[in-house]
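Novice: Same order as they appear, the protein sequences are chains A and B.
Counting from 70, one number per residue, gives the positions in the first sequence under our numbering.
Counting from 3, one number per residue, gives the positions in the second sequence under our numbering.
Since the hints were derived computationally from the structure, they do not count as laboratory data.
Every value quoted in this text rests on a predicted model; they were computed, and no experiment measured them.
Every residue gets a Cβ at the ideal spot worked out from N, C-alpha and C, and that includes glycine.
Don't take every hint at face value.
Computed footprint of chain A on chain B; a stretch qualifies when at least three of its residues, placed anywhere within it, have a C-beta under 8 angstroms from a C-beta of chain A [to be verified]:
1. 6-14
2. 47-59
3. 83-97
4. 127-140
5. 143-155
6. 170-184
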Amino acid sequence: MESDIKLIDDDGKRLDGRKADELREIKIEAGVLHRAEGSCYLEWGGNKVVAAVYGPREAIPRHTQNPLKAVIKAKYNMAAFSVDDRKRPGPDRRSREISKVISEALDKVILTENFPRASIDVNIEVLEAEAGTRCAGLTAAGVALADAGIPMKDIPVACAAGKIGSKNNDGKKTGGHVVVDLGKEEDNFGDADLPIAISPRTGEILLLQMDGHLTLEEFDKALELAIKGCHIVSKLQKEALVKKYQADVEVD
Amino acid sequence: MALTSSIKRDYLYNLAKNGKRVDGRKFDEFRDIKIETGLISKAEGSARVKIGNTQVIAGIKMDIGDPYPDSPDKGVMITAAELIPLASPDFESGPPRENAIELARVVDRGIRESEVIGLDKLCMESGEKIWLVFIDIHIIDFDGNLFDAASLAALAALFNTAVPIERLRPTLEKLQEKFPSVKGYLEEHPKDYQLPMNEPPISCTSVKFNDVVVLDPSLDEEEIAEARLTVATDKNGDIRAMQKGLDGSFTVEEIKKIINVSLDNGREIRIKLDKSTGK
Numbered sequence: 070m071e072s073d074i075k076l077i078d079d080d081g082k083r084l085d086g087r088k089a090d091e092l093r094e095i096k097i098e099a100g101v102l103h104r105a106e107g108s109c110y111l112e113w114g115g116n117k118v119v120a121a122v123y124g125p126r127e128a129i130p131r132h133t134q135n136p137l138k139a140v141i142k143a144k145y146n147m148a149a150f151s152v153d154d155r156k157r158p159g160p161d162r163r164s165r166e167i168s169k170v171i172s173e174a175l176d177k178v179i180l181t182e183n184f185p186r187a188s189i190d191v192n193i194e195v196l197e198a199e200a201g202t203r204c205a206g207l208t209a210a211g212v213a214l215a216d217a218g219i220p221m222k223d224i225p226v227a228c229a230a231g232k233i234g235s236k237n238n239d240g241k242k243t244g245g246h247v248v249v250d251l252g253k254e255e256d257n258f259g260d261a262d263l264p265i266a267i268s269p270r271t272g273e274i275l276l277l278q279m280d281g282h283l284t285l286e287e288f289d290k291a292l293e294l295a296i297k298g299c300h301i302v303s304k305l306q307k308e309a310l311v312k313k314y315q316a317d318v319e320v321d
Numbered sequence: 003m004a005l006t007s008s009i010k011r012d013y014l015y016n017l018a019k020n021g022k023r024v025d026g027r028k029f030d031e032f033r034d035i036k037i038e039t040g041l042i043s044k045a046e047g048s049a050r051v052k053i054g055n056t057q058v059i060a061g062i063k064m065d066i067g068d069p070y071p072d073s074p075d076k077g078v079m080i081t082a083a084e085l086i087p088l089a090s091p092d093f094e095s096g097p098p099r100e101n102a103i104e105l106a107r108v109v110d111r112g113i114r115e116s117e118v119i120g121l122d123k124l125c126m127e128s129g130e131k132i133w134l135v136f137i138d139i140h141i142i143d144f145d146g147n148l149f150d151a152a153s154l155a156a157l158a159a160l161f162n163t164a165v166p167i168e169r170l171r172p173t174l175e176k177l178q179e180k181f182p183s184v185k186g187y188l189e190e191h192p193k194d195y196q197l198p199m200n201e202p203p204i205s206c207t208s209v210k211f212n213d214v215v216v217l218d219p220s221l222d223e224e225e226i227a228e229a230r231l232t233v234a235t236d237k238n239g240d241i242r243a244m245q246k247g248l249d250g251s252f253t254v255e256e257i258k259k260i261i262n263v264s265l266d267n268g269r270e271i272r273i274k275l276d277k278s279t280g281k
């Protein structure tokens, strides 16, 4: 779909007033649910996400067990009322794919070999969606896992970068700006989206997807911006956890 | 269903014998209720209800649709509940099971049979175009008494709902060329307006175990419950819906007592609901 909306102006200011390397506003709260072993509520721009962790517990059905390590079962689900046109409840192909890539990303940082035959269930519920839900979901999942006390090598974190505002010349796109953390219109009418998740301590990349069109130079720049974004969000994750557990200590 | 240890069962039985409950409440006392509305801006209306540690989010979406042949002048409401695995270690993902379906149907009945939504005002062109109202209920944290939490969340979300004229204006404008009444409707309603609502019934659930009856069961109490009764009462003090559950039984006296307790608590909850929706 093409649009006449100008996603970025000549001064490099984006539709919502952000600079190219500026993230949307992010709020993270750890330990928001009573029943779950670990949980997190996260707002990222217009996204509102809750994540909850159960386990390690015996993996059922039995055939899903791995005798050598725990299986990570992440479930990404969107509420019917989270988008403009009501989404039919229940998993679809898109949410299954997102669940899979998030499970795989989390598997890498969790010490799964400590819990053979167990499952660690990470449930991600998108209450409101506005571009970048998989990054928001994975980031919330990282905090929920830490809140649940699951042993991990690192707290995984995600952020996206992309390309917007190229001009259309007879079907060919030219120019364009590489920016971090695409907003709603940028996601819909932009040229490329590159969500990644990293282990911030080592810089290892846990999740990477891309759609759209980037040159090699643009990819390098986008990756750099996304990694920078990840580090900023990582700090917020840790602050949220400190805030929760610091408060607990003070009460005692 | 989770197994309950005999120790926990005996503990709750003994407490009850002395007129006490595990969280210090009286038998006819609700947990703290918090209602928050308008938290999901993508939804036409939304509400978060907390009853103690139980937490439920309800969202309303509306769309233009075709009426049922037997009610050509009425809007249509559809209620769905999801017991998502986020809320409890015992909930599994996938299509709704028995429990989620019973929950959605009890909530739906309470709203539909009492005509809480002015469905007769949601017709744009008789027999052709009406409003669909989707009530989606998400259980976020499960600590007992989903019936009351889900009903209350659905009601608060409905009172928070604005009919999305602006969002669907392109579709409506296209429709008015074909259907003259849609044109009149659009002239009458040039922008978003509050969903037409009537007085709602308030639902209160009690359970019975070991011959005591307690209101607003927590999860522990629900797990050892032998019988459950939900009573929805209206502003005039009349009964509008009931549902008995589980394999135990009640005596007639118990039922009458539960109705009275439900009336008293319903009155207080109604005040909270009105306050949350700015009435």
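Novice: Against this structure, judge whether each hint is valid.
Specialist: Verification of the supplied hints:
1. 6-14: violated (count 0)
2. 47-59: holds (count 4)
3. 83-97: With 10 residues in contact (Cβ-Cβ under 8 angstroms with chain A), the coverage given for the stretch 83-97 of chain B holds.
4. 127-140: holds (count 3)
5. 143-155: Holds, because 3 residues of the stretch 143-155 of chain B bring their Cβ atoms closer than 8 angstroms to Cβ atoms of chain A.
6. 170-184: This one is violated; 0 residues, fewer than the three required, reach chain A with a Cβ under 8 angstroms.
Violated hints, in rising order: 1 and 6; the structure is consistent with all others.
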